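Since the structure of chain A is already known, use the hints to place chain B with the ligand on it.
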Amino acid sequence: MSAREQILGRIREALRKPAPFPGHGHGGNDEHPGHEHAATPALLDRGGIAQPIIPLRPSVAARPWLPPGGVTHQEQWERFCIASTELKTTVFEFGSIEEAHAKLREMAIAQAWTGVASHHGPLTDAAVTALALPTLFTDGGYPVNDLEKCSVGITECDALVAQTGSILVTSRSTGGRALSVLPPHHLVLARRGQLVPDLGTALEQSKRRYAPDWPSMISFITGPSRTGDIERILVLGAHGPKQLTVFLLP
Amino acid sequence: MTAAHQFLEQARKVTRDLRHRGLIQTALRKYEVKRDEKKRAFPDWESARQAAAEVKWDAINHLDTYLEDFVARLESRGTRVHWASTAAEARDAILGVVRERKAKAIIKSKAMTAEEIHLNDALEKEGYAVVESDLGEYIVQLRHEPPYHIVFPAMHLTRDEISDLFHRELGSAQTREPEELTMIARRVMRQKYITADVGITGANFAVAETGMISITENEGNARLTAALPKTMITLLGIEKVIPALEDLALFLPMLATAGAGQTLTGYNTMYSGPRQAGEADGPEEWHVVLLDNRRTELLADPEQRDALHCIRCGACLNVCPIFKNVGGHTYGTAYSGPIGSVITPHLRGLKDWKHLSGASSLCGACTEACPVKIDLHHHLLQNRRNAVVEDAPILERLAYQLFAMVVNHPTLWQFAKELGRTFQPLHRWVLRSKLDPARAWTATRDIPPMAEMSFKEWWRTRR
Ligand code: SF4
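Residue numbers (the working numbering), protein chains in the order written: chain A, 1015 to 1264; chain B, 1354 to 1816.
Extracted from the complex, chain A is given alone in its bound form (with noise of 0.2 Å):
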């Protein structure tokens, strides 16, 4: 027999003994045989949530449980910012694409920019044309080395998440999966409606747009890279960027 027959084999041999259904007390309980409660209607009448047809999923009714990411663009932006400003990511806002590109200049001198890495897309083809540096696109394989040189990343997004200061990045629209995380500072160009209220609403917008067609990785940066492994303090730049900035762009 194989292993994945024999650990399968366990596994059903196990689970012949229903277990209690959590919240309804502790020990070998067998007046709570647990499978009757997969409906858990502990959650749905919660809330003023209408008891569903199909019962909803705990993690789909624990939405209104979890921090909030608000209702409108603007209530959402403002919490992006709140928590960008925790997270220690520059966040700016434009109202056009030039003065975006402007901004991209004027960081590129300020911070002696020498060399750029990105991948092909529409936001960051004209990023990178206005800025006129040597420019590493990754798309399609790149030699690490080079990457490692560059002295920022700029990345387009998939989404940015109001609830947490999140970006969402894949392997497939953003260049891969080290270019948002290998050069010291990753710069991100957003459009103002790609900003969503939650992780739930990011997730589902992905399943939407990509499967069973998965990009290898998805990924979540929420801030620059950090670490708290010396005596608990806050050290950024740990592995990945020092920096980390989001342009919101119409």
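There could be a bad hint or two in this list.
[Stated by the list, open to error] Derived DSS-like pairs (lysine-lysine); straight-line CA-CA distance at most 25 Å:
#1 A:K1163 <-> B:K1457
#2 B:K1478 <-> B:K1545
#3 B:K1583 <-> A:K1163
FYI, nobody ran anything at the bench for these hints, they're computed from the structure. No experiment lies behind these values; they were computed from the predicted model shown.
The following block gives chain B with the ligand in isolation, referenced to the frame of chain A:
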């Protein structure tokens, strides 16, 4: 020396170490303030916990189905899945890949499961160099020590100790700045990432619906470990499965809040395969090793099955008065604190590890802290009960029988009292010495003097 002796001896040493106490308490106080602040951002933390417990219940109680879904989806996208019944099988699977690839340098991101199976030792014994990339893990690796805590591996060290360590091992200049220390490690690690040919990671969740693993981290080291080496290996316990992708929207913020007092951890990344056609980078091949290692035995105990719901956030360690006093290394186990005390007897044998069930004040702080509502302190009690049923302590039982007899017979009780009153004054001559018959008690506690008169005697004098 048995594990129980080792525990007692270590505990005795560490509880007296005031420097250790100060360090841990400062760190955990900071954590508590942050955690409470983040919990307040949840309109209803308690209901969210209940939902998390229910999702995990669903996953664990249909584990066979969800595991098969997870594996089928992974395999359909070119990932090689290895099933391992034991720690040895998991080590062999990983060693097999490493050998086949003729790996020269291996980079690893934090994985408690790898600690559980002593992976680094096995790799090093075969002559492979493994570097831990998580800063805390790297520090304890340089000290040849296991991680102190499942989330904060180096929380028992001061910046000075770390500076000395780096100075000794890496030849760096001494510094008191955590920032500079971090940058020293960053520079070392950069080169390692670029040269490593194998990257090993753990996983926090395995999503059945989409065939993805999810890794939570702050530093970006796991991101790089999964991006640059040609071969990627992920080791995870079979209990990591969750049913649906949207479940992550619940678990990721809860894990960050309970575990580290963060809204969300720096990087939460889902991997569904090796580099796909048209992608810029990523490993050419990905091996996922699924580990049982007696988790199915815990699964077979419906009373404690929910211990498999654990998402390894470390919250129960952070609030545990025992953990705070005896420290993480005293446990001598990969998983320490309340959850470690609950599961280690299942994973490594009740006989040798039952003493951990006593390492609890039964205050219940762990149960209250747990984001997936595992009934930790009752499980510790159940382990105590199971230990007694499995292996009854004869002397203790005799002592209690004797005690029961004495207290059930008034004349015997009276006699015992007289005996006590007569001989207690002599006790101080042997108090705390080797001859002290009550040494087990008096070594750390006072014995109050017996009252000159019992209530019964006093009552008689009143009449
Ligand atoms: S038992 Fe609960 S509190 Fe402890 S590590 Fe696991 S999930 Fe966290």
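To see whether the hints hold, each was checked on the structure:
1. A:K1163 <-> B:K1457: holds, 24 Å
2. B:K1478 <-> B:K1545: Holds, at about 20 Å.
3. B:K1583 <-> A:K1163: holds, 20 Å
Hint compliance for this structure: every hint is met.
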